[in-house]
Amino acid sequence: MVNNRLIPRDFLLFVMLAMLAVVLFVLDLFFGSLLIPFKTILQVLSATGNVNPEIKSIILDFRLPKAITAVMAGMALSISGLQMQTIFRNPLAGPYVLGISAGASLGVAILVLGFSSVFTLGLFTISGSWALVIVAWLGSAAVLFLILAVSIRIKDILTILILGMLFGSASSAIVNILQYFSNESMLKSFVIWTMGSLGSVTSSQLNVLIPSVLVGLVLCFLSVKSLDVMLLGEQYAKSMGLRVRNARFLVFTSTSILAGSITAFCGPIGFIGIAVPHIGRLLFKTARHKILIPSSLLLGSIVMLLSDIVSQMPGYESTLPINSVTALVGIPVIIWIILKNKKFSSV
Amino acid sequence: MSKQQVNITVRNLSVGYKKGKKLIAIKEGINVNAHSGELIALIGSNGIGKSTLLRTLTGFQKALGGEILLNDRKLSSFPIKELARVLSFVSTEAIRVQNLRVWELLAMGRYPYTNLIGTLTEEDNRIIKRAIGQVGLTGYEDRMIDQISDGERQRAMIARTLVQDTPLIILDEPTAFLDIRNKYEIIHLLHDFVKNENKTVLFSTHDLNISTSEVDKVWLMLDDKVLEGAPEDLILAGNFDQMFHSEKVYFNSESGDFMLRKNNLGTYRLTGPDGNILTWTGRALQRIGLICAESNPLVVVSVPSERDNLVWKVEINSEEKLECTSLYELTAVLYERLTKR
Chain A
26 MVNNRLIPRD
36 FLLFVMLAML
46 AVVLFVLDLF
56 FGSLLIPFKT
66 ILQVLSATGN
76 VNPEIKSIIL
86 DFRLPKAITA
96 VMAGMALSIS
106 GLQMQTIFRN
116 PLAGPYVLGI
126 SAGASLGVAI
136 LVLGFSSVFT
146 LGLFTISGSW
156 ALVIVAWLGS
166 AAVLFLILAV
176 SIRIKDILTI
186 LILGMLFGSA
196 SSAIVNILQY
206 FSNESMLKSF
216 VIWTMGSLGS
226 VTSSQLNVLI
236 PSVLVGLVLC
246 FLSVKSLDVM
256 LLGEQYAKSM
266 GLRVRNARFL
276 VFTSTSILAG
286 SITAFCGPIG
296 FIGIAVPHIG
306 RLLFKTARHK
316 ILIPSSLLLG
326 SIVMLLSDIV
336 SQMPGYESTL
346 PINSVTALVG
356 IPVIIWIILK
366 NKKFSSV
Chain B
73 MSKQQVNITV
83 RNLSVGYKKG
93 KKLIAIKEGI
103 NVNAHSGELI
113 ALIGSNGIGK
123 STLLRTLTGF
133 QKALGGEILL
143 NDRKLSSFPI
153 KELARVLSFV
163 STEAIRVQNL
173 RVWELLAMGR
183 YPYTNLIGTL
193 TEEDNRIIKR
203 AIGQVGLTGY
213 EDRMIDQISD
223 GERQRAMIAR
233 TLVQDTPLII
243 LDEPTAFLDI
253 RNKYEIIHLL
263 HDFVKNENKT
273 VLFSTHDLNI
283 STSEVDKVWL
293 MLDDKVLEGA
303 PEDLILAGNF
313 DQMFHSEKVY
323 FNSESGDFML
333 RKNNLGTYRL
343 TGPDGNILTW
353 TGRALQRIGL
363 ICAESNPLVV
373 VSVPSERDNL
383 VWKVEINSEE
393 KLECTSLYEL
403 TAVLYERLTK
413 R
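Sequences listed follow chains A and B, in order.
Its first residue numbered 26, the first sequence is counted upward by one per residue in the numbering used here.
Its first residue numbered 73, the second sequence is counted upward by one per residue in the numbering used here.
Honestly, the hints are just simulated from the structure, not real lab data.
There is no bait here: all hints are sound.
Straight-line Cα separation of at most 27 Å, DSSO-like style, residue types lysine-lysine; simulated pairs: (1) 263/A <-> 93/B; (2) 263/A <-> 134/B; (3) 94/B <-> 263/A; (4) 365/A <-> 315/A.
In isolation and in its complexed conformation, chain A is listed as follows (with noise of 0.2 Å):
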């Protein structure tokens, strides 16, 4: 019988998803183009051993960095998602779906496009990247709290997914009109950045990505306890106590910051989002948060950590977009879910 406790198949699923996640973070540091030995970067690792200073550097400044992006963009993206499913009530709710991340790729054109001063400042000091980040943030926040205010006046979930997406669409739309008036050599920054690339997360950059999913997570472990009744939706929330306004602004909040931290230097990723919390779910067979929610944390960094080492295409030169291997791993997850949901019924 289930109970509170954690019963011992979903202890040894935890251990053995950490552990996997554990190798696969090790083995990410291990692919790239230039075939490092595994004894070396378990010596660069533990700080033992005299290693070639730029084998080093090759692991501490570009592959940890990139190893650590690929943790915390799955984490974030995830988690996103999983608020998503529940507040909206919607098993294809995402980050992506519901136009935060239009959003938040709306703020950063503004900035990279709309400001080209940016560029003297640098995108990749300290200071430029709190300015990416803020305008990523405030990008999917306005979405979000769009949806928000709409929400308030259309009790209907479901016409609120579909506004999800046309304000999506109409930020895409606005970042087309900025592309068409701006200089090639803005325009080619802006492209690289939509395609999302891990690897381009610099350590500096590090110090604002961290703190912020860090934050963003925090705020959704406060709502753990709110998500698990907003499954049952707005009523028998607040029937059973729940201040639902304020839940919902808390679970916005968690959600922009963690869709747009990520969106600000990596790109819009895709379908990680909407996919992830569902193999949680099929793994662990629960709507619990309390479960969900690690599941969700170590699942992410998993499968994106799995996707950074197939976009390293092992054995050869050159990279695959990150955002086209998470959409080949996250699609037919989604056509699974909606072969499934015939009946269409809530996550």
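Put chain B on the given structure of chain A with help from the hints.
Just chain B now, with coordinates in the frame of chain A:
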């Protein structure tokens, strides 16, 4: 379990909704009461405002005027968290959350009592287990709520209100979409809570004869007013007849349910011994539109006395004589003859 008891006093209440800046009242001047230990059915035709009244009573929407008192304290003065310990609610919406186990659904009912991360204590677990037993879902703890029957899901939703441990429970059409057996069981369950635990339970329903046989009181919503009283009081006063303005439907105070008015085909009289056969022969004749009359009946039917020799002897207008071996045959023949005339 809660020792608290709740009486509801509704005074001069107006319910309705806001449209832009305008207040649109659906129903005004509602004066009703409910006492602890009472099972109350809210009855009214579709669209008359039952759900609006229930939503107002649960505090989901504001009253447009008048007041709602829970034990002499205004409903609007309850902070939402405190209200959640007084009043629990079951809506008409069918909850179809995937991967949600019966046990997990019930655990949500402890929301007003648990800590920040919702840790359940031994006491919480005990309360959940007891509620599962009370609604007869023992053994269903691990079942997913989208994989159990409608009746079982409704019982789980009701068990959740027991877990929430409130002296007042309000349910919006808990018997809709259920089969007859489940309708009876749900109403009976509610009846038990009221009598065993002194709760106050209010529910809206369209199942007139099921609910009137169990409830202590009916709140009857009519076009211009809301009446209250024991179901029998309202039946005797002929109030149910005012529910529908229809020439086709009338309230049969004998059966306690609504019936379709038939075209009058004529009158009948039955002869034969009292019993089931006599009763159901009468029902069959009424069904095709005949009315019972002692003097000068158009049709006289002599009812068989025993089951093993079922032959009905029929005399139409004292001239035509027939014999039928089933009520199906009897009604078919009579209907054909009488409509031709």
